[in-house]
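Just so you know, the sequences run in chain order A and B. Mapping to our numbering: the first sequence position 297 is 297, numbers consecutive. Mapping to our numbering: the second sequence position 257 is 557, numbers consecutive.
Just so you know, these hints were derived from the structure itself, not from any lab. Every residue, glycine too, gets a C-beta built ideally from N, C-alpha and C. Hints are not guaranteed to be accurate.
Once the Cα atoms are required to be at most 27 angstroms apart in a straight line, the calculated DSS-like pairs of lysine-lysine come out as [claimed, not checked]:
#1 A:Lys273 x B:Lys384
#2 A:Lys80 x B:Lys576
#3 A:Lys273 x B:Lys576
If we take Cβ atoms under 10 angstroms as the criterion, some of the chain A residues that face chain B in the derived model are [claimed, not checked]:
#4 Ser4
#5 Arg48
#6 Cys255
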Amino acid sequence: MSPSECHVEVVANKQIAPEYFSMRLAGPARLARFRPGQFLMLGWTDGRDPLLSRAMSIRSAKSPHPPFSKGGNGGIWGAKCEVEILYKVCGRGTALLAAMRPGRSLRVVGPLGNGFEISRNVTSAVLIAGGIGVPPIAALTEVLATRCAAHGTKIAVFLGGRSKADLLCVSDLRRAGATVRVATEDGSAGHKGLVTELLEQYLDARRSTLDGPLYACGPHPMLAAIAPIAERHNMPYQASMEANMACGFGACMGCVVPIRGNARERTYRLVCKDGPIFDGREILWDEQGAGVGKMEGSAV
Amino acid sequence: MRPDLSITVAGIRMQNPVMTASGTFGYAQEFEPFLDLSRLGAIVVKTITRTPRVGNPPTRIVETPAGMLNAIGLQNVGLEAFIKEKLPYLRTLGPPIIVNIAGESIDDYVELASRLSDQEGISGIELNISCPNVADGLIFGCNAVLANKLIACVRQATSLPLIPKLSPNITDVVEIAQALADGGADALSLINTLIGMAVDVRSRRPKLSNVTGGLSGPAIRPVAVRMVWEVAQAVKLPLIGMGGIMTADDALEFLIAGATAVAVGTANFTSPSSAKRVIDGIKAYLIDHSVGRVTDLIGSLDLTGTTREITEWSS
Ligand SMILES: Cc1cc2nc3c(=O)[nH]c(=O)nc-3n(C[C@H](O)[C@H](O)[C@H](O)COP(=O)(O)OP(=O)(O)OC[C@H]3O[C@@H](n4cnc5c(N)ncnc54)[C@H](O)[C@@H]3O)c2cc1C
Ligand SMILES: Cc1cc2nc3c(=O)[nH]c(=O)nc-3n(C[C@H](O)[C@H](O)[C@H](O)COP(=O)(O)O)c2cc1C
Ligand code: FES
């Protein structure tokens with residue numbers, strides 16, 4: 001499905017935790033055809049300041065939405081579906097999003113990126129989300145649950161956050177049939193410590209019963225910490241990467257991550273087009289952090 | 301009334317004056333889902349160099365007030381891959397294709413220009429002598445003698461129209477423009493990005509891995525309009541104006557200040573159909589203001605009552 005550019009209308013914008021919001025957007029039906037892990041570039045209609053659109057993963061999409069009444073607010077967009085995003089307020093753009101009332105419109109380009117690869121014939125899947133990395137992981141859980149129902153696939157989700165308030169979508173995940181294990185750095189819920197510690201314990205005990213891949217989305221240090229774990233257990237690892245983006249569709253060359261390649265010359269891939277989901281073995285993990293003090297916004 | 305939007309720059313005929321700025325339109329294919337590429341005045345593709353370049357490490361992009369800093373580092377597929385993989389597609393689109401080139405030496409530019417001259421489907425060459433993100437990227441753009449020599453040498457190597465692209469990171473833009481005109485340029489593009497910098501105060505580190513980067517977007521438009529206006533008065537060549545064009549009104553500022561054509565840059569990122577809206581908006585303006593031809597607008601700035609008004613006793 002090729003991406004498109006459209007206007008969407010804010011239908012709901014609800015605070016779900018101290019720093020987190022859920023926003024529902026009404027837009028053209030084609031937005032609903034997405035793969036978990038794909039994202040939207042969300043921009044302001046005036047588009048001068050803030051200038052750049054913000055990348056937001058698609059949490060869920062409902063289609064078809066009952067068509068809007070002709071004279072009504074949404075009629076001009078020919079709206080037919082509803083897309084949900086979850087976001088953390090961590091800067092100017094997300095603060096402006098948080099202040100948006102229903103009825104206001106935003107500019108959207110999407111769905112963008114490759115999305116997670118779903119293997120149908122596995123009996124297990126292990127998913128890890130850190131902080132605001134949860135939206136694509138929750139979307140993936142729901143798709144895995146329906147697609148792989150016939151195989152009785154066991155879905156284990158690991159959620160990590162600074163404290164209890166940073167753990168989102170827990171009930172959604174359970175409702176989809178996943179086993180959810182949580183870790184918080186302050187110990188306010190679940191294991192006190194890092195989610196990767198929980199993951200290691202789990203894999204050490206169960207590895208022999210697992211045939212599916214690891215899927216992860218979260219802050220860079222978490223994704224990097226999972227890479228050697230996946231390697232040690234010889235499990236395929238799909239990681240959702242982040243980078244500052246200007247366009248989101250492969251035109252600016254701004255959103256690169258370094259790839260393991262030949263030693264003499266650095267190779268880069270585009271997060272927006274070649275990703276955001278990468279094979280964990282492909283990424284040059286130690287180098288990525290060199291990206292100079294960014295992305296604190298989405299730390300766990 | 302159907303207004304006439306067509307223009308000619310450096311002998312290249314365009315159905316309207318709206319082009320795409322190099323490095324902001326990829327190799328055009330990325331934009332196919334978003335707009336009808338055949339409607340563009342001309343397509344200018346990302347800078348190509350003799351050999352492929354991997355570009356700078358991340359972070360390459362940061363947002364700034366009404367603008368952005370980039371330090372891509374001229375990542376590109378290189379001359380041969382461009383000819384083999386990108387050009388065949390570009391040729392099918394319709395609008396004139398202008399290839400932007402950069403080199404580290406006069407030899408590089410000469411080699412690129414002569415190799416491109418052998419190819420079908422290229423209407424002109426834009427010379428990037430103003431990239432702030434690579435070592436030596438600016439030497440030709442900041443020195444009138446070198447700029448003149450460069451263009452004169454490349455002139456020998458090709459009969460394609462040559463369009464050097466000026467840097468705003470200089471004291472006197474007119475001096476360089478004049479040197480390029482004297483050297484045999486057919487038109488001038490202006491402006492490239494302004495060198496800028498941003499600091500993360502918490503970590504006390506630069507926000508870009510290259511430390512400095514090129515500022516683009518609405519923030520630079522007033523600088524760009526001023527430079528177009530200054531050059532338009534001093535140099536006879538047609539000008540392609542760019543810098544922060546988001547809307548038709550923004551583009552009209554450049555035309556009125558003296559540009560024959562404009563290029564949409566950063567706006568392609570924030571809305572990939574921007575160029576189409578600029579074209580439609582210019583057309584609507586011509587109709588609303590009963591202007592028959594877009595060329596009637598070029599340099600039509602009215603200075604009456606300003607300090608720059610030319611009166612009998614001031615001249
Ligand atoms: C593929 C992808 C999916 C994402 N999905 C979500 C999501 O579902 N929910 C969510 O809350 N966040 C998500 N993010 C992160 C989100 O894009 C940033 O948190 C957001 O752009 C911050 O904007 P701001 O204006 O509040 O922050 P500021 O720091 O003021 O932003 C300044 C600039 O930096 C960029 N930037 C800052 N942080 C990030 C970051 N972590 N990643 C990329 N660009 C950044 C902004 O886009 C903007 O251009 C995603 C990022 C990517 C790359
Ligand atoms: C991400 C990015 C990449 C660019 N790459 C090039 C390039 O390869 N060659 C070039 O001549 N100009 C390049 N430019 C400069 C633009 O073509 C243009 O001159 C400048 O951005 C001003 O226009 P704008 O404000 O509309 O973007 C680039 C600009 C941006 C933002
Ligand atoms: S964000 Fe522009 S190429 Fe990826």
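Non-conforming hints, listed in increasing numerical order = none
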